[in-house]
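Count along the sequence shown from 1, then add 14; that gives the number in the numbering used here.
No wet-lab data here; the hints were simulated from the structure.
Quick reminder that beta carbons are idealized off the backbone N, C-alpha and C, glycines included.
Check each hint, because a few of them may be wrong.
Okay, the calculated beta carbon distance ranges per label pair [stated by the list, open to error]:
1) Gly-201 <-> Gly-239: 33 to 41 Å
2) Gly-239 <-> Glu-188: 18 to 26 Å
3) Leu-245 <-> Ser-101: 18 to 26 Å
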Amino acid sequence: MNESSISLAGTITPATEEAISRAASCLLHGQLIGLPTETVYGLAARGDDAEAVAQIFAAKNRPRNNPLILHTASAADAFTLFADDCSPQLWQRARRLSGFWPGPLTLIAPRHRSILDDVTAGGDTVAVRVPNHPVAIAVLQSLAGRAGQVVPVAAPSANRSNYVSPTTAQHVAEGLGDQVEMILDGGPCHVGLESTIVLLPADDSPLCVLRSGAISPAQLSEAVGEPVESLPASPRGAAVVAAPGQFAKHYSPQTPLSLSSDPTPGGVRCDRSGRVLQIVFGPIDAVPGGDCGHMWSFNPDGKLETAAAQLYATLRRADDAQYEAIQVSGCPEVGLGVAIMDRLRRASQK
């Protein structure tokens, strides 16, 4: 690494054409960058380079049994990462679900023989997606152009393992700024939650949602014309998991977080001592005593899309406020609310 690259390390850079080209060059040469997507910001490295992938695990202090998602610029590129001998039924399902690409959907299928063991945590499957962010797509296309071939990019959330995911470039700088060559600023992530992950079985078994996200099981079921199942989280210490974000404890602020036993705004009472921060869904003025100064809302406008987009930023801000504890009321577990509550339950695990 030369002196000029050291001086640029961790710098938040507007996503100009020149910056996108430089980011692609960094990836090509095995370096880490902060990459915006519509879900969260990723800690990106080329996924076909074992040394680059190893840097991701080291920077995040990520367990090696937690696999990575590979990102490509198109569905056609993504499908090259699946095994050549996948069943016709798997390919049919994959093509139908690729209608959600680019977008917050990750598909898992038997891996191509070229995929690194380090990416899959030694498993037989690979997780892939096409991000719906113009900056991410531009970087992936520029990288492929420089390399003369498709180069999958591994990009887990750009934060220390188990901490709250970053949804702005500043979040990346605060947590991993000294670990990356540059951080492309693509603005706040408009989805704000990690992608929905779907396992494509090799046979005619039902499709399984391994991680909830902005795309619901109902939407997936409609796309493939069959029921879609959901699987529970993997226990901590599991030898191999098929997808990231599977451990019961995840997405956690440093401040202890608990979920209210009464998951309605009306069941929350503000802690006027100032030791406990209450966070609710919906307008604070609908909560008795909500004007005490120690109550926040994820979505004052009442929209679940707002809550998802603001969830992680709000939890990070709560950490900075240095309360002794955070108590969160629940939201309706319908649509996007399923994914929101999934993240909050994992954040509340001891």
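Q) Has the hinted range 18 to 26 Å been met by the Cβ atoms of Gly-239 and Glu-188? A) For Gly-239 and Glu-188 the Cβ distance comes to about 45 Å; the hint is violated.
Q: For Gly-201 and Gly-239, compare the CB-CB distance with the range 33 to 41 Å and indicate the outcome.
A: Once the Cβ atoms are compared, 36 Å apart, the range 33 to 41 Å for Gly-239 and Gly-201 holds.
Q) Is it true that the C-beta distance of Leu-245 to Ser-101 lies inside 18 to 26 Å, as the hint says? A) Holds, at about 21 Å.
The structure does not agree with numbered hint 2 stated previously, though it agrees with all others.
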